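Chain order of the listed sequences is F and C.
Residue numbers for the first sequence follow numbering that gives the first Met the number 0, beginning at 0 and rising by one.
Residue numbers for the second sequence follow numbering that gives the first Met the number 0, beginning at 0 and rising by one.
Bear in mind the hints are in silico, worked out from the structure with no lab data behind them.
Among these hints, one or two may not hold up.
[As the list claims (entries may be wrong)] According to the in silico footprint, chain C covers these stretches of chain F (three or more CB under 8 angstroms from chain C):
1. 8-16
2. 30-40
3. 43-52
4. 65-74
5. 276-282
[Said to hold, decoys possible] Taking lysine to aspartate or glutamate and the EDC-like style, the derived pairs with C-alpha atoms no more than 20 angstroms apart in a straight line are:
6. C:Lys68 / F:Asp10
7. F:Lys29 / C:Glu182
8. C:Lys329 / C:Asp417
On a predicted model such as this, the values are computed, not experimentally measured, just so you know.
Idealized CB from N, CA, C, for every residue including glycine.
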Amino acid sequence: MALEIKEENWDLVIEPPKGWFALHLRDLWKYRDLVALFVRRDFVAVYKQTILGPLWHLIQPLLTTLMFTVVFGQIAKLPTDNVPKFVFYMAGTTIWNYFALCLTRTSNTFIVNAPIFGKVYFPRMTVPVSVVISQLIAFAIQFSFFLAIYVLFWARGAPIKPNWAICLLPLLLLMMAGLGLGFGIIISSMTTKYRDLQVLVAFGVQLWMYASGVIYPLSLIPEQYRWIIMLNPLTTIIETFRYAFFGQGLFSWVYLAYSAGFTVVLLLAGMVLFNRVERTFMDTV
Amino acid sequence: MSDTAISIEHVSKSYRLGTISSGTLREDLQSWWHRRRGLPDPNQRVDQMHQAIEGHTLWALQDMSLEIKQGDVWGIIGRNGAGKSTLLKILSRVTAPTSGRIQIKGRVASLLEVGTGFHPELTGRENIYLNGAILGMTKTEVTQKFDEIVDFSELEKFIDTPVKRYSSGMYVRLAFAVAAHLEPEILVVDEVLAVGDAAFQKKCLGKMGDVAGEGRTVLFVSHYMPSILSLCPKGIWIKDGKKFMEGKSRDVVDAYQTSVQSGGGALAESGAVHRKGTGSIQIKRIEAYAGSKTALSRLATGEPFYMCFAYEAKEVPTKAHIEVIWSNGKGERCLHFNSHRVGQTLILDSKYGEITCQMRKCPLMPGDYTVRTKLFDVGGGLLDEVVDAAVINVAPGDFFGTGRLPAPDMCSILVEHDFSVISAPHVSV
Numbered sequence: 000m001a002l003e004i005k006e007e008n009w010d011l012v013i014e015p016p017k018g019w020f021a022l023h024l025r026d027l028w029k030y031r032d033l034v035a036l037f038v039r040r041d042f043v044a045v046y047k048q049t050i051l052g053p054l055w056h057l058i059q060p061l062l063t064t065l066m067f068t069v070v071f072g073q074i075a076k077l078p079t080d081n082v083p084k085f086v087f088y089m090a091g092t093t094i095w096n097y098f099a100l101c102l103t104r105t106s107n108t109f110i111v112n113a114p115i116f117g118k119v120y121f122p123r124m125t126v127p128v129s130v131v132i133s134q135l136i137a138f139a140i141q142f143s144f145f146l147a148i149y150v151l152f153w154a155r156g157a158p159i160k161p162n163w164a165i166c167l168l169p170l171l172l173l174m175m176a177g178l179g180l181g182f183g184i185i186i187s188s189m190t191t192k193y194r195d196l197q198v199l200v201a202f203g204v205q206l207w208m209y210a211s212g213v214i215y216p217l218s219l220i221p222e223q224y225r226w227i228i229m230l231n232p233l234t235t236i237i238e239t240f241r242y243a244f245f246g247q248g249l250f251s252w253v254y255l256a257y258s259a260g261f262t263v264v265l266l267l268a269g270m271v272l273f274n275r276v277e278r279t280f281m282d283t284v
Numbered sequence: 000m001s002d003t004a005i006s007i008e009h010v011s012k013s014y015r016l017g018t019i020s021s022g023t024l025r026e027d028l029q030s031w032w033h034r035r036r037g038l039p040d041p042n043q044r045v046d047q048m049h050q051a052i053e054g055h056t057l058w059a060l061q062d063m064s065l066e067i068k069q070g071d072v073w074g075i076i077g078r079n080g081a082g083k084s085t086l087l088k089i090l091s092r093v094t095a096p097t098s099g100r101i102q103i104k105g106r107v108a109s110l111l112e113v114g115t116g117f118h119p120e121l122t123g124r125e126n127i128y129l130n131g132a133i134l135g136m137t138k139t140e141v142t143q144k145f146d147e148i149v150d151f152s153e154l155e156k157f158i159d160t161p162v163k164r165y166s167s168g169m170y171v172r173l174a175f176a177v178a179a180h181l182e183p184e185i186l187v188v189d190e191v192l193a194v195g196d197a198a199f200q201k202k203c204l205g206k207m208g209d210v211a212g213e214g215r216t217v218l219f220v221s222h223y224m225p226s227i228l229s230l231c232p233k234g235i236w237i238k239d240g241k242k243f244m245e246g247k248s249r250d251v252v253d254a255y256q257t258s259v260q261s262g263g264g265a266l267a268e269s270g271a272v273h274r275k276g277t278g279s280i281q282i283k284r285i286e287a288y289a290g291s292k293t294a295l296s297r298l299a300t301g302e303p304f305y306m307c308f309a310y311e312a313k314e315v316p317t318k319a320h321i322e323v324i325w326s327n328g329k330g331e332r333c334l335h336f337n338s339h340r341v342g343q344t345l346i347l348d349s350k351y352g353e354i355t356c357q358m359r360k361c362p363l364m365p366g367d368y369t370v371r372t373k374l375f376d377v378g379g380g381l382l383d384e385v386v387d388a389a390v391i392n393v394a395p396g397d398f399f400g401t402g403r404l405p406a407p408d409m410c411s412i413l414v415e416h417d418f419s420v421i422s423a424p425h426v427s428v
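Based on the provided sequences and hints, a complete structural model is requested.
Pasting the structure below:
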């Protein structure tokens, strides 16, 4: 009898959740079409019945940048390392927005999708992964817009010089995506039990932006306190991004490696937690 | 290699009753900190103080074992809350079992509720792809089946309309069409057929029959016995989280119907009975029959209707009123009986006795009904209320004396009526 059972090749074995490290990444790959459709849905559905449609992708960063230029540049008169204020703030908001949107849109994965998750199984990870990808498209639009403005300033002889660090852009994006996804899925896993975190995310992201050097260059911070702000893995990414395009600011392989390491650890921890929660969250949500 | 498609071994699932943790991180941390220091938990409810911290658990499924062969079509029956849906949820991986193990060969598609993942802003076409992918199809598979799906749903004209403009019937048709073309090795269906018009229901049943005929495995949960009987050769009856009976669906359905048609008998039998009221009088047993007390037979549409409520009173004599509500499977309240409304006060002068109620003709359509009872004193104070007092089945019968009954979803109750034609050849209407 025991031998007979061994010979059978089951396609699926359902057991109580055990072990923390079953990540089911192969499942995720099997459902790649679903990820693509989710991306499409997110992109198409949001702008149905709007007049401006995808133009909103340009209006949002444009208005934010204008606001920052007026408030922090003109009124508070924060220095921007001689980089024209408008393009300086635009660089910061463009890359920051990608992270912020990845984080906020993935942090409610379980709560928002509970009705679907409660009825049918598919790898839950498809949802946050598709969010990160659809936000990447939004980022591409905003980034092209930034490039256009950037070239405009550059052609008019503004003191900005792009350099080799631009090649690091894919890495920077990957880290932004990883951090946004990592924090997002950790929060989404925990909000199945603790709704407090949902409230925290909304304004936490706002506060976090001020601690990440989006609106000021790192050179503004006194040397001896700089390490504190560098503990935030996002500071390095934003600073490196600006260094690549403007040739101003701090560039350090050490901090970059720290941010990359942080991202990997966070993402792994997030996936472990997420996979643990997805098996039984329907009972607690 | 045996031909087992699903092997369920000792599967159990427990839920914690009440709220799951206190809900905020602060209180959880506080509880944890106090427990660590050996102090009583400040957030624990006072009435739980003397009980184990684990609290109450509800076993939705207990030690369920079942072996399902490839190509078998099983009907799963049981009362609400018996654990049928929990079993299907575990099978479709929506939630994990607490213990035990299930092994499955082949792809499982579940229809726990149709229209899963439909996005209202997207068109029918876009939703077919999205829904198909959620159910586990690849894009190529959906493209291959696309025309068939659209044909089946009968929605060619509306396929590029956002589904938010669809009627609920159209919605269900589209959803079922997608799921029906998934071609899974194992199909899990839960009460989908409750929606849609009669013609479409017939079509769905036909499709499920085809699926079964193609040698695929089907698990079908329904409260509607005729469809269980027509679709499923085998049946399993789940009662209180346990497998109560398994075998030929005819036998299982008969046994199940015999148990429900006697009105559930004593209320205590159904496990946890939730009562409200002072309890000075309590309903202990409910029965409903066709015919009179001397010649009892099974309750059926159009037959004389006889209800009987056995009571226990703490103080006698006492005066009371009774209210009884019959609700159908969709939760619609179909019949309401009230002794106060008909101007009859019940005088109970012995501690034990029966309150009876009669009607000349049972107007209820065939199906399962949930009965709710309330007892009041003459001042209107609530003495006893039992929400789900019993589930009683009404069998099909000959209401009109013509041998014809309307289709199940045409109406909830029947009334006698007459038609006539009055000729008025010279008057235009």
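Subject >> Hint check, failures only >> reply: Result: hints 4 and 8 break, sorted rising.
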